[in-house]
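Peer 1: Each chain is listed here by its residues.
There are 2 protein chains.
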Amino acid sequence: MSQPRFVVLGASGAGLKAAARARRLLPAADITVIDERELISFGSCGLPYYLSGEVQRLDALRETGWGAVRDADFFRTLQGLNVLTGLRIVAIDRDAKAVTVEHASDGSERTMLMYDKLVYALGAAPRVPAGCELGPCIMAATSPEAVRDLRYDLERRAVSSCIVVGGGIAGLEFTAALTDLWGCEATLVEATDRLLPAYLDPDMSRLVESALERRGVRVRTRLAVTAAETANGLAVVSTRGEQFVADRAALATGIRRRTRLAQAAGLAVGELGGLIVDANLRTSDPDILAVGDCIELVDHTSGEICCLALGSLSARQGRVAGDVLAGRDTTFPAVVGSVAVRILDQDVAATGLSETAALAAGLDPLVAWGCFGDRTQFHPERRLIYLKLVYEAETDRLLGLQAIGPGEVVKRVDVFAALLRQDADLADLLDTEFCYSPPFNAPSDPLQDLAAAVLNARETGLRQVSPFGQLDGRLVVDVRGRAEFAAGAPPSLPGAVNLPLEELRGRMGELPAGRPLLLVCAKGPRSFEAARILQHHGFHDLVYLAGGVEMRAGDRRSLTN
Amino acid sequence: MSQPRFVVLGASGAGLKAAARARRLLPAADITVIDERELISFGSCGLPYYLSGEVQRLDALRETGWGAVRDADFFRTLQGLNVLTGLRIVAIDRDAKAVTVEHASDGSERTMLMYDKLVYALGAAPRVPAGCELGPCIMAATSPEAVRDLRYDLERRAVSSCIVVGGGIAGLEFTAALTDLWGCEATLVEATDRLLPAYLDPDMSRLVESALERRGVRVRTRLAVTAAETANGLAVVSTRGEQFVADRAALATGIRRRTRLAQAAGLAVGELGGLIVDANLRTSDPDILAVGDCIELVDHTSGEICCLALGSLSARQGRVAGDVLAGRDTTFPAVVGSVAVRILDQDVAATGLSETAALAAGLDPLVAWGCFGDRTQFHPERRLIYLKLVYEAETDRLLGLQAIGPGEVVKRVDVFAALLRQDADLADLLDTEFCYSPPFNAPSDPLQDLAAAVLNARETGLRQVSPFGQLDGRLVVDVRGRAEFAAGAPPSLPGAVNLPLEELRGRMGELPAGRPLLLVCAKGPRSFEAARILQHHGFHDLVYLAGGVEMRAGDRRSLTN
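These protein sequence lines are chains Z and R, in that order.
Read in order, the letters of the first sequence are residues 30 to 590 in our numbering.
Read in order, the letters of the second sequence are residues 30 to 590 in our numbering.
Read the hints as simulated data drawn from the structure, not as lab findings.
For clarity, every value in this text was computed on a predicted model and none was experimentally measured.
In this text, a Cβ means the ideal position worked out from N, Cα and C, and glycines have one as well.
Among the hints, a few may not be true.
[Said to hold, decoys possible] Away from chain R, derived, C-beta distances all over 10 Å, residues of chain Z:
no., residue
1, 66
2, 126
3, 139
4, 345
[Said to hold, decoys possible] Each pair of labels, with its calculated beta carbon distance range:
no., chain 1, residue 1, chain 2, residue 2, range
5, Z, 487, R, 136, 43 to 49 Å
6, Z, 334, R, 409, 35 to 41 Å
7, R, 409, Z, 158, 30 to 36 Å
8, R, 566, Z, 334, 44 to 50 Å
9, Z, 389, R, 88, 48 to 54 Å
10, Z, 255, R, 82, 56 to 62 Å
11, R, 245, Z, 334, 56 to 62 Å
12, R, 308, Z, 105, 58 to 64 Å
13, R, 518, Z, 456, 48 to 54 Å
14, Z, 105, R, 390, 46 to 52 Å
15, R, 66, Z, 456, 30 to 36 Å
16, R, 585, Z, 66, 45 to 51 Å
17, Z, 292, R, 500, 55 to 61 Å
Work the whole structure out from these sequences, hints included.
Peer 2: Now the structure itself:
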């Protein structure tokens, strides 16, 4: 019996994983992996850590845990994969079941490779916006070569300012890397109204913005870049409103899915521009699978189509595709889309739908904010975390979580993602078990405290207001202790009167009858408690500040409004 | 309409939570909480961190996040709870629906408190084994007063050695606290064959033992203490085999559930000695609820009865009981039982069933071990974690996880616990989504790598062997690189020959035909890969070392056998 021939286009993580998995299942299969680049299996997610200096050598990003370099030879020797680099793919002929390639360097030696099954794993390339031109001072933030050159220039102090275009994950990591060790003067320019627009709502995004600004980064949103070019040895970035000049500019303006060859071969492309695949990752041609950043996925929570270029998902897709190549019926499920990014002294993580995304998907979301310590109040390693929970109005079904802070947020998001996948609701969150010991958590996890706060507020009819909202003429009653209030760390809201919770029962007569009240405290629980007490004593137009002045203070701008 | 009268016995976390929750739902209810102690709502889980010096003041353990002391007055003023301390509970009269109390100090003023509903939350007291007597040099490890005195003595260098009796969580935390800052010479004596016997299998427990021994702690297992007494100003601890003498001895010999009063009142007690409750936490008397350490629970994974004294569960039970007091049908579900403990430079966490527990429950468990970095191989904060996965043979259903290491283990255990609660299997684990970014994880989480390793091994028929097992005459082939092997960090197994994976295809002829082989590498993946290659070339009696020499080296004793 002749062995099947598999050809994988793209020696990225997902493509190589599919090939390696197929090799395990079918030891005698003929498996070829083709890539235009010489630098394959490169952990480009590690580039910001090379730029920052946390990772010393660029080659470390393509080494295994035991120090072997993952080059073509590595995959040939260890996994028996025929990895061919430096080959440009010219066309896919689905009728002949063949791929035409040529030498990338000079277009020579055009050859055809026959396949029984093809895996399309060409991923995506950096998107360069119209008007922008890569050049001596304008780089792609995700280019290994350009990052290597920039680090060299930073080390020899030849670069001291940089404009980063694009406030997605790549742009933020790049900005953080410039700022942290090198003290490079960074300007971050984003076209939409906020940073991380794909994952965060405008309110939580402001916390990220403030975290950058506190470290000296200049953040400019709502500025679409119209041109970026090298002029007189400097980078000049133009927008409709403003022009920026710096030693360098780095473009982190998203990705362009490399679907051209697939489209030319007539494979179906979806409304978001990605390849359409079924649950087995088969394209519209059942002999061609597709994996990685170039495919469209299904969002578990909304049921809608989405595109998510995440390494965690690509790795899993590679294994599924390998199974399918070997004739198994393994499926790749709908995704919740968990992401995390470290931005200087803050970690940011999110999963599921933001409020914005839930509304766009036609759902009816409700939200709650909270500020918590990430472990028991007495543990010295305790740090704050800010949470925004999104859930469905009618069913209490969990829809999404956004988490930011110097404290441990990724753990909460990972657990929440597992709950999302099982369509859990607020009550399920209360029943979730977290390891408790003082160095790791409080007896009740912040997620549970937040879910309980939502349910408590609903029972009492009390209403939270956003920690970032505008004041609306209510009398602000700050129920923190006298010393806390006086210290003003964080400061209270403008015009606040101080009436400590401990004294509230005795002094509530001092509050003007009939005046709408906004109760505030440090993180939220005391103001809720105060509202409950006042409600029980006949006050009725009451709201309390979710997340308290601590969360409000996380957003610099809210301090002055 | 007259308001309901609720009496809560025990001002512990669970009891106070039940009272506070009932108060929220029924603002006018008459709620009384009774405790014999003056020191209520005390975070005794924080005692080891006070002992170690990480927490400065003992009072910090009963303060809120904003510095208020949670004493009787606090609960009275803020939550409108009638908290009575210093009262001994004499008896519960279920017919009269009354509790008789008297002053704890002198037995005076015997009074009866009428209730409509009673919450039994007396928790547990430290168990003092037969032959042991608390005294000047013999303390209970969980006594706030004794810990305060010991810290004082440590600070003034009046104590330099201590025997800790009991290798459960409390004993380990106590031992770690003595060792870390104070450099106190510690001996840990445990009656069973291993540390943390309720949560860890013997093999994983050896990693904990080694972690303590590396820091100078003397660990002695299988030694039941027959006597502990003060003699000539020293603590003398006797076992059947050995006697230990030190400045102090601390008993961490488990708990005694305080069910005496409940039993005297005729409430049903289960086979494990805890109060039997239904899903609403009602005892055999529907007007009496019970919460906290004195009740029996249902283990979700095995379906068996269990007793788990965990603050995380008590907190949840308190809220459920408050709901039920207020007439709601809230239920407390079966538990998976997640625990974590920090032991010097290692974190230990576990959830679900150990292999031992699964066997005891009549299940048919299979296991897998693995050693992983907790984030991408190039990230400077990368640390090792050691995992043991327990799953069901026939169904692949996840049963439990044990995790140890200097790396991030709690996150993995928390996510695994969420999967356990949904009866997930190995394939579901592969589909779980974890946030990926270099500071937090690898593209594929260690749990997923471990699940994949199990499935890969099964497909090929290759068998892992325990990293801690005895060698059995196989030829050991170490497939690490030459430099790694020569450096011997960690050392290879006795008699190992070095044949680097990269050279295996070319040099496999050097291996003796027909000789059973044990393939080893640093963490496991390379030896599996090598076994697969050899298998494909006709070798058949092959096993590989799960977790590799790294995991084996985690257990000091395995290095010499």
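Peer 1: Is it true that residue 487(Z) and residue 136(R) lie within 43 to 49 Å of each other by Cβ?
Peer 2: For residue 487(Z) and residue 136(R) the Cβ distance comes to about 47 Å; the hint holds.
Peer 1: Could you check the hint for me, namely that residue 585(R) and residue 66(Z) are 45 to 51 Å apart, CB to CB?
Peer 2: 46 Å, holds
Peer 1: So does residue 255(Z) sit 56 to 62 Å from residue 82(R), Cβ to Cβ?
Peer 2: 59 Å, holds
Peer 1: Was residue 66(Z) rightly flagged as not at the interface, with every chain R Cβ beyond 10 Å?
Peer 2: Given that every Cβ of chain R is farther than 10 Å from that of residue 66(Z), nearest at about 19 Å, it holds.
Peer 1: Using the C-beta atoms of residue 518(R) and residue 456(Z), is the stated range 48 to 54 Å upheld?
Peer 2: 50 Å, holds
Peer 1: A range of 30 to 36 Å was offered for this pair. Does it hold for the Cβ distance of residue 409(R) and residue 158(Z)?
Peer 2: 34 Å, holds
Peer 1: Assuming the hint says 55 to 61 Å, is it satisfied by the Cβ distance from residue 292(Z) to residue 500(R) or not?
Peer 2: Holds, at about 58 Å.
Peer 1: Range hint 48 to 54 Å: satisfied by the CB atoms of residue 389(Z) and residue 88(R)?
Peer 2: 50 Å, holds
Peer 1: Can you tell me whether the CB distance of residue 245(R) to residue 334(Z) sits inside 56 to 62 Å?
Peer 2: 59 Å, holds
Peer 1: Once the closest CB in chain R is found, is it more than 10 Å from residue 126(Z)?
Peer 2: It holds; residue 126(Z) is separated from chain R by about 27 Å at its closest Cβ, greater than 10 Å.
Peer 1: How does the Cβ-Cβ distance of residue 66(R) and residue 456(Z) compare with 30 to 36 Å: does it lie in that range?
Peer 2: This hint holds: roughly 34 Å between Cβ atoms.
Peer 1: For residue 345(Z), which was marked as not at the interface, is the minimum beta-carbon distance to chain R over 10 Å?
Peer 2: 7 Å, violated
Of the numbered hints listed earlier, the single one contradicted by the structure is hint 4.
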